[in-house]
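Please work from the sequences and hints to get the whole structure.
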Amino acid sequence: MPPSSSRNRASHGAPLRRSALVALVCAALGAGSATAQAQSAASAEDRDAEAIAAAQTLFNEGMALYEAESYEAACAKFEASLEQFQGIGTRGKLAECYEQLGRVASAWRAYRAVAEQAVQAGDRRRARIAAQRAEALAARLPRLTVALAGDTPGLIVEYQGERIAASALGSVRVVDPGAYEIVARAPGYETWQQRGSLAESDERTVTIPRLRARPSDSDSDGDAPMDATAADGDAAGSVLRWIGLGVVAAGAVTVGFGVGSAVQAASLRDQTVDDGDCVDNACNSAGLARIEDARGKARQANLLLGVGGALAVGGALLWWLSPEPAAEGAERGDRGLSLRWAPRVGPETLGLSVRGRF
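Numbering (mature numbering (1 follows the signal peptide of the UniProt record, and there is no 0)), first residue to last: -38 to -1, 1 to 320.
Source of the hints: derived by calculation from the structure; they are not laboratory data. Each statement offered as a hint is correct.
Derived DEER-like restraints, expressed as beta-carbon distance ranges:
hint: 1; residue 1: Ser129; residue 2: Ile91; range: 26 to 34 angstroms
hint: 2; residue 1: Ile118; residue 2: Asp164; range: 22 to 30 angstroms
hint: 3; residue 1: Asn264; residue 2: Ala244; range: 24 to 32 angstroms
hint: 4; residue 1: Ser178; residue 2: Val81; range: 55 to 63 angstroms
hint: 5; residue 1: Ser178; residue 2: Leu207; range: 38 to 46 angstroms
hint: 6; residue 1: Glu78; residue 2: Ala16; range: 22 to 30 angstroms
hint: 7; residue 1: Arg261; residue 2: Gly208; range: 21 to 29 angstroms
hint: 8; residue 1: Val269; residue 2: Ala244; range: 33 to 41 angstroms
hint: 9; residue 1: Ile118; residue 2: Ala16; range: 32 to 40 angstroms
hint: 10; residue 1: Glu97; residue 2: Ala30; range: 23 to 31 angstroms
hint: 11; residue 1: Thr169; residue 2: Ala101; range: 22 to 30 angstroms
Small disclaimer: the values here were computed from a predicted structure and weren't measured. C-beta: ideal position from N, C-alpha, C; glycine also.
Quick look at the structure:
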């Protein structure tokens, strides 16, 4: 066969092989996609089966509690079962459970939901029974209207901890009998709340007033503590100043006694000369006794003068260094007064050092 004929067959065979390869790849991808979809469907069915099984278990537990008249716990089980699977029978039993607890509004809503679900399922008998039970409860429903007296920016209103939509404010809402709490809050405003109680068939309107603006931090949070601190400081300073004045007075009295003792000592010495008990530094026994007495008075005078002087100086420093009332402190601060004091203790010294700037 001529070479040109072989080349023609090869050129026609390549496209056929490529087409066959593409077809095989597409078939493989299609098969893989179908397999993945089948696995996903199987997985979803498994999850649904698990949810239904869990819901059935919770329902059975709820029924046992219901028959034991533990209605509160039974309702909790039925609610948990509905979270796993929206069974119409479970919802109907939950409505009966609510009714046993006196939660007529919750029971009324549950019966209406059962009727709607039964209509969708084509169960006319169950839908009719649920609607009749809901209608029987209608006259017992408490009705509450939450209205606003004025608009407050950013207002949030809650009933029993659940937020009421702004569009629902002013509209009648059916609620369960018993205690209730309404809270209204907004950023920058004081929180408003009201507690009350509703019986079956009660009708009530609660009007929330316009919220009052909360005082600014500078008006409330800052001033009061500062004023209290300033008042405490003024009181402490006043007490310390009075103590300082008292110490100064005690020092002055002590100095007075010291001066008196010094005068007595000088008088005794003069008497020894005037009475002739001492002549030219020679004294008889009476003169010696008076001289010794004068020396004792002199020592007493020195001690009293030293103690009195120390008390007077210490009291003056206590008065001067004590915290001043705000007005006086401001006036003195304008003059640039600054004082610092510290005790000085050493082997041979005991005193107080004071440094100041006037």
